[in-house]
Amino acid sequence: GESVGLHLPTLSVQEGDNSIINCAYSNSASDYFIWYKQESGKGPQFIIDIRSNMDKRQGQRVTVLLNKTVKHLSLQIAATQPGDSAVYFCAENWMDTGRRALTFGSGTRLQVQP
Amino acid sequence: KAGVTQTPRYLIKTRGQQVTLSCSPISGHRSVSWYQQTPGQGLQFLFEYFSETQRNKGNFPGRFSGRQFSNSRSEMNVSTLELGDSALYLCASSQTGTSGRGTGELFFGEGSRLTVL
Chain A
1 GESVGLHLPT LSVQEGDNSI INCAYSNSAS DYFIWYKQES GKGPQFIIDI
51 RSNMDKRQGQ RVTVLLNKTV KHLSLQIAAT QPGDSAVYFC AENWMDTGRR
101 ALTFGSGTRL QVQP
Chain B
115 KAGVTQTPRY LIKTRGQQVT LSCSPISGHR SVSWYQQTPG QGLQFLFEYF
165 SETQRNKGNF PGRFSGRQFS NSRSEMNVST LELGDSALYL CASSQTGTSG
215 RGTGELFFGE GSRLTVL
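Those sequence lines, one after another, are chains A and B.
The first sequence maps to residues 1 to 114 in the working numbering.
The second sequence maps to residues 115 to 231 in the working numbering.
By construction, these hints were calculated from the structure, which means they are not laboratory data.
Just so you know, these numbers come straight off a predicted model, no measurement behind them.
Glycine is no exception: its CB is placed at the ideal position from the N, C-alpha and C atoms.
Nothing false has been slipped in among the hints.
Between beta-carbon pairs, the in silico distance windows are: (1) B:Ser184 with A:Ser28: 38 to 44 Å; (2) A:Gln76 with B:Gly154: 24 to 30 Å; (3) A:Ile20 with B:Phe183: 40 to 46 Å; (4) B:Gln132 with A:Asn27: 32 to 38 Å; (5) A:Ser28 with B:Gln168: 24 to 30 Å; (6) A:Asn27 with B:Leu231: 36 to 42 Å.
The task is simple: from the sequences and hints, build the whole structure.
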């Protein structure tokens with residue numbers, strides 16, 4: 001498969017454990033955040049989003065936490081499975097001179113050990 | 115519902131040539147965004163089109179251009195290719211886009227892998 005990033009930080013977990021992937025965002029004006037998953041050879045896939053008026057949102061096996069005070073976002077994956085192995089990107093969205101801008105983080109590679 | 119389709123999936127060009135990449139969005143989606151993905155720079159925004167109009171543009175030189183047709187299909191063109199243009203070019207469609215007032219969820223295609231020799 002194609003290499004998304006040669007020097008990405010990597011998180012290695014055992015199958016069945018919980019995973020926590022962290023992201024520091026840069027713009028205090030960001031008001032919408034998204035997590036994407038990218039498997040080898042594929043485009044990014046939407047996982048979950050959260051607006052800045054929330055500090056937690058839950059999906060199926062995933063939870064996103066937002067701490068606006070320290071500009072930190074995290075993605076928690078419960079009972080991690082081999083199929084969760086991928087690169088995970090956070091993205092921040094904000095209004096910039098009347099238009100919205102979306103910026104992606106550099107990504108974290110999640111490796112799930114069977 | 116068919117997903118976002120990008121063609122070609124892989125292509126090899128030489129320096130100085132030009133390339134055109136195509137993207138067919140999900141039916142009903144009016145916004146198409148293009149991103150360049152490289153190991154060193156990650157995902158970088160190129161431009162977004164909505165209803166045939168370029169709504170936002172990233173910090174790329176004028177060699178990178180795009181357009182959107184009335185059926186929402188989009189093409190991007192890179193002229194006078196350089197070695198550094200080698201990358202995975204991703205197209206994403208959404209109903210409202212990420213540059214307008216809405217914050218539409220993006221649906222990505224599998225990308226066009228461009229290699230410049």
